[in-house]
Amino acid sequence: MSATTTEPPASLAAGAPAPTTEEAALRIRRAVVDMAAGRQGAHVGGSLSCADVLAVLYFGVLDLPGDSFVLSKGHAAPALYAALAARGLLDEAELAGYASPGSRLFGHPSRGLPGVEFSTGSLGHGLALGCGLALAGQLREESARERVFVLMGDGELQEGSVWESLMFAGHRRLSRLTAVIDRNGLQQTAGTEGSLSLEPLGDRLRSFGWEVRETDGHDHGPLRAALAAPSESGRPVAVIARTVKGRGVPFLEGRVSSHYATLNPALHRRALAALRAAGQVAR
Amino acid sequence: MTAPAPATTAGPVPGAAPAVPAGPREAYREALTALAAEDERVICLDSDLGGLERSFGDRFPERYVSTGIAEANLFTVSAGLAARGLRPYAHTMATFAATRATEQLKLDVVGTGLPVRVVATHAGLSAAHFGATHYCLEDLAVTRALHGLTVVVPADAREIGPALAALHELDGPSYLRLGRSATPPVHAGDVPPFRLGEAVTLRAGSDVTLVACGPLPVSFALAAADRLAGEGVSARVLQIHTPVPFDAAAVAEAAAATSALVTVEEHRPQGGLGDAVAEVVAAHAPRPVLRVAVAGPLPGRVDDHAGLLAATGVSADAVHAAALRALALAPPPTDRPR
Chain A
1 MSATTTEPPA SLAAGAPAPT TEEAALRIRR AVVDMAAGRQ GAHVGGSLSC ADVLAVLYFG
61 VLDLPGDSFV LSKGHAAPAL YAALAARGLL DEAELAGYAS PGSRLFGHPS RGLPGVEFST
121 GSLGHGLALG CGLALAGQLR EESARERVFV LMGDGELQEG SVWESLMFAG HRRLSRLTAV
181 IDRNGLQQTA GTEGSLSLEP LGDRLRSFGW EVRETDGHDH GPLRAALAAP SESGRPVAVI
241 ARTVKGRGVP FLEGRVSSHY ATLNPALHRR ALAALRAAGQ VAR
Chain B
1 MTAPAPATTA GPVPGAAPAV PAGPREAYRE ALTALAAEDE RVICLDSDLG GLERSFGDRF
61 PERYVSTGIA EANLFTVSAG LAARGLRPYA HTMATFAATR ATEQLKLDVV GTGLPVRVVA
121 THAGLSAAHF GATHYCLEDL AVTRALHGLT VVVPADAREI GPALAALHEL DGPSYLRLGR
181 SATPPVHAGD VPPFRLGEAV TLRAGSDVTL VACGPLPVSF ALAAADRLAG EGVSARVLQI
241 HTPVPFDAAA VAEAAAATSA LVTVEEHRPQ GGLGDAVAEV VAAHAPRPVL RVAVAGPLPG
301 RVDDHAGLLA ATGVSADAVH AAALRALALA PPPTDRPR
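These protein sequences, in sequence, are chains A and B.
The opening residue of the first sequence carries number 1 in the UniProt record's numbering; numbering runs sequentially from there.
The opening residue of the second sequence carries number 1 in the UniProt record's numbering; numbering runs sequentially from there.
Treat the hints as calculated values from the structure; they're not laboratory data.
All residues carry an ideal CB built from backbone N, CA and C; glycine is no exception.
A few of these clues could be false.
As the list claims (entries may be wrong) - Chain B is nowhere near these chain A residues, computed Cβ spacing over 12 Å in every case: (1) Ser197; (2) Val244; (3) Leu267.
Stated by the list, open to error - Per label pair, the in silico range of CB-to-CB distance: (4) B:His284 / A:Ala93: 56 to 62 Å; (5) B:Glu40 / A:Ala229: 31 to 37 Å; (6) B:Pro185 / A:Gly160: 50 to 56 Å; (7) A:Ser195 / B:Glu62: 38 to 44 Å; (8) B:Gly50 / A:Gln188: 38 to 44 Å; (9) B:Gly148 / A:Ser197: 35 to 41 Å; (10) B:Glu40 / A:Arg104: 35 to 41 Å.
Chain B with its partners taken away, still in its complex shape (with noise of 0.2 Å):
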């Protein structure tokens, strides 16, 4: 019955290529550790991702905690530990946080209300080569259906340290999603304060509303901003970094003062962003809302992120198109009232 030894041969392949720059996973682990140094409730939860193990667990291996591959366990040990005063990370992938061990999330995690983290990477296509049993294009429908549970979308890397910072104050479970490689930056120069529940308005315009959520879709918006402002079209890109709790104010507010609204989001089209975008503007203010999401069956070929995504539908070309077609659908602002 005793433990086997632990295997010692993690670490990098000799000869491996050398490190690529951050991404989203390098970041987070770097802000977690950081984190765990400050606050000494703070236990790391791993369920065999690779990685947690040399920068966390090398750090405070007393508070890395190995769960193995067993995500229902994860999720439900993580309730016990936070109704003991703890603060446990829960790290996973995103297609096995949302929809593997759903329930244990439900009821242990949302419906106790205790200070679980769920951190979830690998979410969207950001998987690419990995191929469909990794990605994950429902979490944030499923994530926003779970009364009582924050979920924040960081849109590049150095996001993810505020992110984890602001989330870290919370009483109740909140869910991180994350995706795999390194994206561009979406920020010019230094990164806006991370405020929980607050869009952030990265363009100002008045003809269309970008409404972008991730980190491809946010550049992608940004992307399609430019061409349409070198087309006199004025667009708005507003940045939405916590699905949940929404912000409303200031969807509502982009959609009074614009005449057409995009959303843009690595997710299937039913049940995320473009839903909570649909719901406030009809409700306040009635505009036209395209959706650039997700669509149609997953790509049969192998393809890098960027690729994967602009197969299914969501490219910086598909939100310049969809605004067109957005303002089309505008009745003339002088047939509107204001």
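Chain A with its partners taken away, still in its complex shape (with noise of 0.2 Å):
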């Protein structure tokens, strides 16, 4: 990993400066890339279409320790180690084993590293785990500043589970909870559209009692305020986040076959020359 990566992390752990929301995207895009090229590949466009969300919460939303967050998706587990690197959680080192034998870091978390609190990966449980978590806040008046986010696919909304858990936070009216909506629009094998649709998705959600907030998930200005602010209504809050799976790498962007890959060295090339070029846009 550090022969891709091209400067050594700034870690918050060690007192240095933070990186702002935008470097830590990036940071976290050429890690998922270089996990993406290693032996057994990564759920690349997931990952890269969630990663501007954990930059920014990681790096500008999450108060740590403290908040929670269960990254309910799991199989942008790429993208998690690589915020959690960044962020001082985990050690950077270990992302170059990931997926590897005698590696921490499978394809989907496991708890018991530091930073992830459940195993994901099975979708439609995170979001419940995040009901528990607020509601437990809710009961308890100690912890009634703590804030639970739960970063869920779009695809995962097709789950009956995710349902009744949506139900249950309108009811309870879990004011805490942040659920965030990865929503690029593709599954593991087409557009959600055309696999169970899920529009009018804000609509079905304020049905259930959300206060919801649509925003475009890459740009980190308007993602910061959705994410940011506590809810207004005493609901709980879902930020549909609109992303482009594969986002940063262009022959990934938008395609349905992002959604797991290896990329073989040239392509990692590539890839890592368009963030490059885009980290030098954003300076």
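With the hints as a guide, bring both chains together as one complex.
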């Protein structure tokens, strides 16, 4: 991994200056691309689509320790590992071992890893976990300020258990709970609307008792505003982050086939070059 | 978006028959309410079972959480509560606990090792006239296969309070298997001390061991032992109230001291008590092990709980017959290394 990331990461834990959320997102994307170039490949498309959400959460919104985060779309593990490493919660050197024998970094996050409280990857569990954490805060005054964030895939919303949890959170008015939906529009084999349609998603969520915010999931200003603002209505907050699957790597963007890919050396170089160019523009 | 006003029509139907003697659910609700008075971490999560809202809910409304008829969410929300230091008791019927929301049980409750207490009613055929959708004859197989889950099956209503008290001390997850309606008490006098993971010898005996789990199976084993005694056959009765962790030592000892074993359970023969006993006996003191368990298709006609069990092969008569068959299979004591 160190061969392809150009500078050593600034660790918040080490007291180095915090990267901007834009810098953090770029680092997450580089690390994701590196992991996808490994022997096992990676869920690269859905990791890249939520890289900005993770960067904004971990470098602009989450109050750690204290707030809780659950990656319900566990297949975006590469992005989470990269975010945890950038945040100093995980040793950056571990990223090189992703999905390799002996590594703690499975293709889906396993509990016990620093920063990972629950094993996720079976879709439709994370929102209920978030409901439980938020309900605990509601029941116990001492954790009244704790916020709970759950990052979900849009395809994940096809799981029936999600709607049990959506109903529950709305009914209990779990206002400290924020569900972020990575609305990249694609799942493993098709578009969500062709597979099992979700729209009108915002209306559906509102009808379940949620305060809904729709935002560009790659534009950090509005994304941060949507994630950071506490509930205004006393209801749980759903942030529909409109994203592009494979975002940042042109030959992956918007493609169903980006869901899981192994990047050969040539594609790996192309992907890194695209990210490098984007990073220079950002600066 | 305002939630509808809560219905206030819960309560007995006017003119309904007087309350029947305390069954497992009544005993359980009383025990849980008493526990909640002692420990403010106790949270009662209910999936519209009926009864908890009036007992626990009336007493501790702020700690009574209805999750609605949504068992997947029930279990996973419970895990989230447990992760923040609470002691959630998650209530549903056994069939929904073990076969509808199995994955939530596996990953979020058992996989995390969190202290979630699953309380499953209507186990076995105890739902009786409610029919096949409400029976659960697979939950011991499922829960035994989930590594790290403690599984308890009280044999009568009086054991439920002590069982609950023992489970409450656990740091990990547990599954409490209860029936629906009242069954005969199995202890003639006082209830023996309830120790998790320890089998209880209800009758001493030296010819055959009857290993039983659950309310009616234990009653059937005791009745069969009485009949065998009249016929000159000395039957030991071993009650298993904790299928997991299993008291392998007690079973191995009973196997070594008798010539054959019969297991009695309100479950399919696969994966339940019979398998647990056979695994131990085969490894430590090989003897014939015959299983009295729910066999064949489910009855197509309504009957009461005991009638349904009898129709599917579980009765005192079946235990008696199995004991004689098992003894006939056993080599004469002189041929057997002691």
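Here is what the structure says about each hint:
The claim that Ser197 (chain A) is not at the interface with chain B holds, since no C-beta of that chain comes within 12 Å of its own (minimum 22 Å). Consistency note on Val244 (chain A): stated as away from chain B, and its beta-carbon is indeed over 12 Å from all of that chain's, at 30 Å minimum. The beta carbon of Leu267 (chain A) sits about 34 Å from the closest Cβ of chain B, which is more than 12 Å, so the claim that it is off the interface holds. Remark: the range hint 56 to 62 Å for His284 (chain B) to Ala93 (chain A) is contradicted by a beta-carbon distance near 49 Å.
Checked against the hint of 31 to 37 Å, the pair Glu40 (chain B) and Ala229 (chain A) passes, with Cβ atoms roughly 33 Å apart. Separation of Pro185 (chain B) from Gly160 (chain A) is about 42 Å and departs from the stated range, judged on CB atoms against 50 to 56 Å. Between Ser195 (chain A) and Glu62 (chain B), the C-beta spacing of about 42 Å keeps the proposed range 38 to 44 Å intact. Checked against the given bound of 38 to 44 Å, the beta carbons of Gly50 (chain B) and Gln188 (chain A), roughly 41 Å apart, stay inside it.
Under the hint 35 to 41 Å, the C-beta atoms of Gly148 (chain B) and Ser197 (chain A), about 40 Å apart, fit the expected range. Between Glu40 (chain B) and Arg104 (chain A) the C-beta distance comes to about 37 Å, which sits within the given range of 35 to 41 Å.
Checked against the numbered hints given earlier, this structure breaks hints 4, 6; the rest are met.
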